[in-house]
Amino acid sequence: MSETTLGGIAGRMPKFLRRADPAVVTAFACIVILLLLGSLYSRSFLSPEYLLQQLKVASFLGVIATGMMLVILLGQIDLSVPWSVATGAMMACAAAAYGSAGVALAIPFGVLCGVAIGLVNGVGVAYLRIPSMIITLATNAVAQGLMVVYTGGFSPQDSATAAMRYLATGFTIPGVPNAVIIWALIGAAMVFVLTRTSFGRAVYGIGNRERAAYLSGIDTRRIVLIAFAVSGGLSAFGGVLLAGYASKAAQSMGDAYLLPSIAAVVLGGTSILGGRGSYLGTVAGVILITLLQSILSVMQMPEAGRQIIYGVVIVAMLLLYGRAPASR
Amino acid sequence: MKDWRYWLAEQRGTLLAFGIFIVMFAIYSGNHPAGFTANVVQTAANKGVLLAFVAMAQTLVVITAGIDLSVGMIFTLTNCMASWLVIGTGLETAFGVLAVLGTGLICGAVNGAIVIYGRLQPIVATIATGAVFFGLALLLRPVPGGSVKEDLADFLTGRFFGVVPASLVALLVVVLVVWVPFSRSEFGRAAYAAGSSETAAYMSGVPIRRGKFLAYTLAGLLAAIGGLFLTFFTYTGEAAYASGNAYTLFSIAAVVLGGVSLFGGKGSAIGAIFGALAFRTIGDLLFVFDFDPLWQPLFQGVILLIAVSLGAFALFRVRNRLEWFL
Amino acid sequence: MDGAAPLFRMEGISKRYGGVRALEKADLTVTAGGIHAILGENGAGKSTLIKIMAGVVAPDEGTMTLDGREVSFASPAAANQAGIVCIFQELSLIPELSVADNIVISDPPKRFGMIDRKAQRRIAEEALARAGASDIHPCALVKDLPLSRRQMVEIAKALARKPRILILDEATSALTAADVAKVFEVLKRLRSEGLALLYISHRMNEIAELADHCTVFRNGRNVASYPAGSKSDNEVVELMIGREYSHIFPPKPGPTAAAATVLEARNLSWADRLDNISLSVRAGEVVGLGGLDGQGQRELLLAFFGVLRGLSGEILIDGKPVSIASPTAASHGRIGMALIPEDRKTEGLMLPMTVRENLSFAALDRLSKGGIIDRAAEQRLIDDMVGLLAIKTAGLDIPVGALSGGNQQKVVIAKWLMRQPRIILLNDPTRGIDVGTKQEIYQLMRKLADAGAAILFYSTDYDELIGCCDRVLVLYDGGVKRELVGAEITEHALIASALNIHGEGAGPRQGVGA
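Chains B, S and X, in that order, are what the protein sequence lines are.
One point on numbering: in our numbering, the residue at position 47 of the first sequence is 47, and numbering is uninterrupted.
Take the position in the second sequence, starting the count at 1, then add 328; the result is the number in our numbering.
Take the position in the third sequence, starting the count at 1, then add 654; the result is the number in our numbering.
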């Protein structure tokens, strides 16, 4: 059954998709299967309202996963996502409390705080060559500490600006939530950067073989630094949107985005070792994860079951196509 | 004659951690309102021992040049499990303890199997298994609760002869029963060898896979012992996501403070224990100096950041820039 | 041989790597209680031979007999079990473990399931004493020892395995003169104890002092066996010469009016690998780097390309001193340098990426405006290059790893030519590729030189140096030992100076890192 689905999709797709990574095709096939399973449970799963709602929820994860993908393509990882998200949200809301200038600058300020976290990560990874997993855990802890000090450990009282709420929940084009448009724009920009710019080529090159990239005259450290800064900025922007969605920031709002963002990227066929993967796959991964979450919650699966299913699905998918080559 | 100097060089990381701990603890107890009393020592020991067990677990995996981001979740899972099982008659309690420890072993073995035989990257694999372990914990304890055999708990968290904290004795016993045999076995050496240079270890015919697998498995066991003690201290089980994550994070900090190299092959669990105790004491220092406890997470984060950056100094000795990319 | 029954015999051993023949029906006989030297120039098949003996690679055909019984080894461990232990050039020691730990690593003594540290210490001390290195403390960590001491630990580790046949592959190349003397005493004692020793070295004086019997390899075949001391150094060099000439080289333009010096080094030294090197390359000139493998040629090229830190001495471009801090600095801007690296699979290419992406990778800054790649310009330049180098590929969008070795190497060269470099450094660019592509590379090199490029060309194939170079600098122990110009570049001269036995004669050997 999945065979026919795969074949059908591959046959109808334009040429550039037919060459696509089997992982991407598998991910899309899984989305279709999930939707079919869901529609067996309830008719409304195939309704446009439900699908748009899912896309809207997915777009927050999508923005965050975009940054994560850039870092994973380099063969690194960004574990500072949880508090980059929270910092972005809290700082944007905090800025909003400072008069009309604060309101105007709330979004850029939040994003800049994320970029700052990313820069620390980037300096640690690129220039001090600290393993990314370690340094990003450490900056995550520092960001958390800063936010705890700032907020006094409570959920901050400042609320999101109208602009933040508009970006997250408004409609510029009737029927299409703004959050989806934002994700589409960021996604398009990412596709352009990855495929058409020298920066994108360098990212893939470093992910494949940093040594060869360095010997080809690429300033590999600068590229890594920029990628981490972008990842931090996008995480924070995701936080800004989430704050707009919920009208305010919350202490552990980012915790729920670390594992899903890594999972979305990896399930979309991007190699965790770097150098291989397409943004289309990440889109598929993000939608897949969001649908999985949605279906589990519609089925009233408790949080425990969701966590277990997550972990198992990720390990299983990785074992299918994310393994390191056999040694010797 | 010169033997002791080599011993000293080998133990430098451990001794340094020991030194930091002694200094920190002296400052701590010197400024504690109650002073250096058996009570203060007992409280500090009970808090420190938890992190010490988790840090030992992390050490075993880090020695193989891997990382276990699920230790905190194994710790949480076994805590929840113990709050159900370690209760009842003496025999039931004993079975409960065995079941909890066995669960830890299985969790560790699953990690090891996925990383070594499944050839997945330790980071992603253990983040994912960590989610599974947390899910199981949540399944066991959707809300905090449960209970534990109180006489056993009080015995193991109290004091022997009125002075010696029982938890420290338990820690010592675990070191002697788990760490010492492991580090002196052929497999322990294989774990070190694989972490230091996998190629050289392969060329020398070392049992790399079994050594690494044993390291991951025992790490699960040690985290479970930590989870058991958490239950003894709190009398309850709680599937707390933030606390599990914090223990994972702090275990890395403790390992680094304890002189264990994150690049593998170097360090000892003893060092990590002192690293853990020192890290805990540093956190508590803020308390005795009347700082707002709000500053504690930031303070701990900054210590972690500094600790992981220290390793970067070796970089400036590299003379062939291509070695950056090995 | 000498009436004694052979302990170990290899007959008709052949081995091919891809299309390249490494060994062709080679024979070797080893007797107990003797030191057997193996000689041959780069790529003569020595390394492959001992790898087969030590169980690292399997032969394609041929038989091995030990004590008259036929044997085959599935792994290094199996060879060790049979009593054949090899000390490889690349160290197999574990840096973070102690000397004693390393010596017993493959079979530690155990008591109650745990490693018996006392017994381990005893074994290590015995082995170190047998290796003549009792000054090394068994508790010292290997990473804290200098290279020469580590090599002694390697020898002790090999001895602790109680070998019957001990193979030393350039085992003395990192040792100090004092250590070499000690190792020689040990080896002589082992010989008297009845071990068979196989000794591979390029140091003629060591072979003269040590060996009982010599075998010369050439083109994957054993061409001569003779008792040590029965041939002069010159006769030995003659035996090593005689590669099959299968290449056709483009004509050299001959001496031209002196062009400007483009690349120059003055007293360049680095760590203990480069020793006071001065050289210059003019525009339009192909300068070769010769010598045995591993005498500092690679480091020299990396030094020019900005990879090495802590260089002393000066590098001049167009007569002006420059400091080159990275490959980016070396390749961009005024300097315009390119390096065709040693290992195309890990240093030259990203194998999973497409031919197109690899080709434009080094020239991305030139092909893009404001960071955005000009795809039309890229296509034009790539088409030019694919035409110029006749790269055979099924398309530009297939992974470069799918191409043949020769075409991969062409991609590496082409990706640098896209920058139109003025200075081209080549690190053994023809290793492991087919004859046809080799000749295309020779033609291309001359064409580039004629167009004004300054070329520094390291090759392990003497034939190429003779056929392609206007001048050849022969390196030995990190220093330039001889410069050969024009007609002086002969195989005899290259081999003799590579072995450092010509000119100044077989002078006292130079200690490295003493």
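Hints were generated in silico from the structure; no laboratory data involved.
The structure displayed is predicted, hence computed values, not measured ones.
Take the hints with a grain of salt, since some may be wrong.
Claimed, not checked - Which chain B residues face chain S? A few, computed with CB under 10 Å, are given here:
(1) V32
(2) I33
(3) A116
(4) L128
(5) I135
(6) V148
(7) R209
(8) L292
(9) I295
(10) V313
(11) L318
What the hints assert, rightly or not - With a cut-off of at most 30 Å between alpha-carbon atoms, the simulated BS3-like pairs for lysine-lysine come out as follows:
(12) K330/S x K772/X
(13) K330/S x K836/X
(14) K1101/X x K974/X
(15) K1135/X x K974/X
(16) K797/X x K764/X
(17) K330/S x K816/X
(18) K999/X x K330/S
(19) K330/S x K764/X
(20) K906/X x K1135/X
(21) K836/X x K772/X
(22) K906/X x K679/X
Glycine included, every Cβ here is placed at the ideal spot set by N, Cα and C.
Given L318/B was flagged as interface, is its beta-carbon under 10 Å from a beta-carbon of chain S?
holds (5 Å)
Is the interface hint satisfied for L292/B? The criterion is a beta-carbon contact with chain S at less than 10 Å.
violated (13 Å)
Holds or violated: is there a CB of chain S closer than 10 Å to the CB of V32/B?
At about 24 Å, which exceeds the 10 Å cut-off, the nearest Cβ of chain S leaves the hint on V32/B violated.
Under the criterion of a CB-CB separation shorter than 10 Å, is I135/B in contact with chain S as hinted?
holds (6 Å)
Between the alpha carbons of K330/S and K764/X, is the straight-line distance 30 Å or under?
Roughly 25 Å between the alpha carbons, so the hint for K330/S and K764/X holds.
Would the pair K836/X and K772/X pass a check requiring their Cα atoms to be no farther apart than 30 Å?
holds (27 Å)
Take the C-alpha atoms of K330/S and K772/X, compute the straight-line distance between them, and say whether it is at most 30 Å.
At roughly 16 Å apart (the allowed maximum being 30 Å), K772/X and K330/S satisfy the hint.
If you draw a straight line from the CA of K999/X to the CA of K330/S, is it 30 Å or shorter?
Violated - the C-alpha atoms of K330/S and K999/X are around 47 Å apart, more than 30 Å.
Using 10 Å as the Cβ threshold, decide whether R209/B counts as touching chain S.
Constraint on R209/B satisfied, holds at 8 Å.
Given the hinted pair K1101/X and K974/X, is their Cα-Cα distance within 30 Å?
Status holds; Cα separation ~27 Å.
Does V148/B pass the interface hint, meaning its C-beta sits closer than 10 Å to a C-beta of chain S?
holds (5 Å)
Under 10 Å is the threshold here; is the Cβ of V313/B close enough to any Cβ of chain S for the hint to stand?
holds (9 Å)
The structure does not agree with the numbered hints 1, 2, 3, 8, 9, 18 and 22 stated previously, though it agrees with the rest.
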